[in-house]
Amino acid sequence: MAHLAGTAVFEILNAASTRRVAALEGEARSGRLAVRAEQAQWPADQFFAMEVERIEWENGVRHRQIVTSVGMAGSGSDLFAVEGEFNAYYERQVRSGHTHSYEFRYNLLREEAASEERRRQAEEGGPSRGGRGHGSSSDSSRKRHHRSHRK
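Under this note's numbering, think of the first position of the sequence shown as 24, with each following residue one higher.
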């Protein structure tokens, strides 16, 4: 029962973070996140994944504070007792494959934005072929960097 209570608290924290995730997704769609990623010298999909993981890590920290404040530290409710600092958490998430779904989500968001742009251009009588839409040159350089960054 304690584990279920801890899970419920964490899911409430995640639900409360939906606006932050939606804002991050909006930045991905618009291409603004790719600019931030480039400034930080990160592949955009990995930068997006890291920022989503950061939101989850912050929820884990809040969860730990809540569990501790009600005297349940060390119990089955304490789901995040060993999270530690963000960089160690993030590296664990990368190694486990957890961040891959967020990288995939980023690429899906970018393709959706590019598809919407192509559709808009076609409706306006503009170029409907050849133009890749939002951030195409950044996306191709990201793919090259992504391959070399991961190895």
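Since the hints were made in silico from the structure, they are not lab data. Owing to the predicted nature of the structure, the values given are computational and were not obtained by experimental measurement. By construction, the Cβ of each residue, glycine as well, lies at the ideal position given by its N, Cα and C atoms. Be aware that a few hints might be false.
Quick list of simulated restraints, FRET-style, between CB atoms [unchecked claim]:
#, residue 1, residue 2, range
1, F127, E61, 47 to 57 Å
2, A46, S124, 16 to 26 Å
3, R115, Q144, 22 to 32 Å
4, Q62, L27, 22 to 32 Å
5, I35, E134, 25 to 35 Å
Each hint tested on the structure:
Under the hint 47 to 57 Å, the C-beta atoms of F127 and E61, about 20 Å apart, miss the expected range. Range check, A46 to S124: Cβ separation about 19 Å, and the 16 to 26 Å hint holds. Range check, R115 to Q144: about 43 Å between beta-carbon atoms, so the 22 to 32 Å window is missed. Taken as a hint, the range 22 to 32 Å is violated for the pair Q62 and L27, whose Cβ atoms sit roughly 43 Å apart.
For the pair I35 and E134, the supplied restraint of 25 to 35 Å holds, since their beta-carbon distance comes to about 32 Å.
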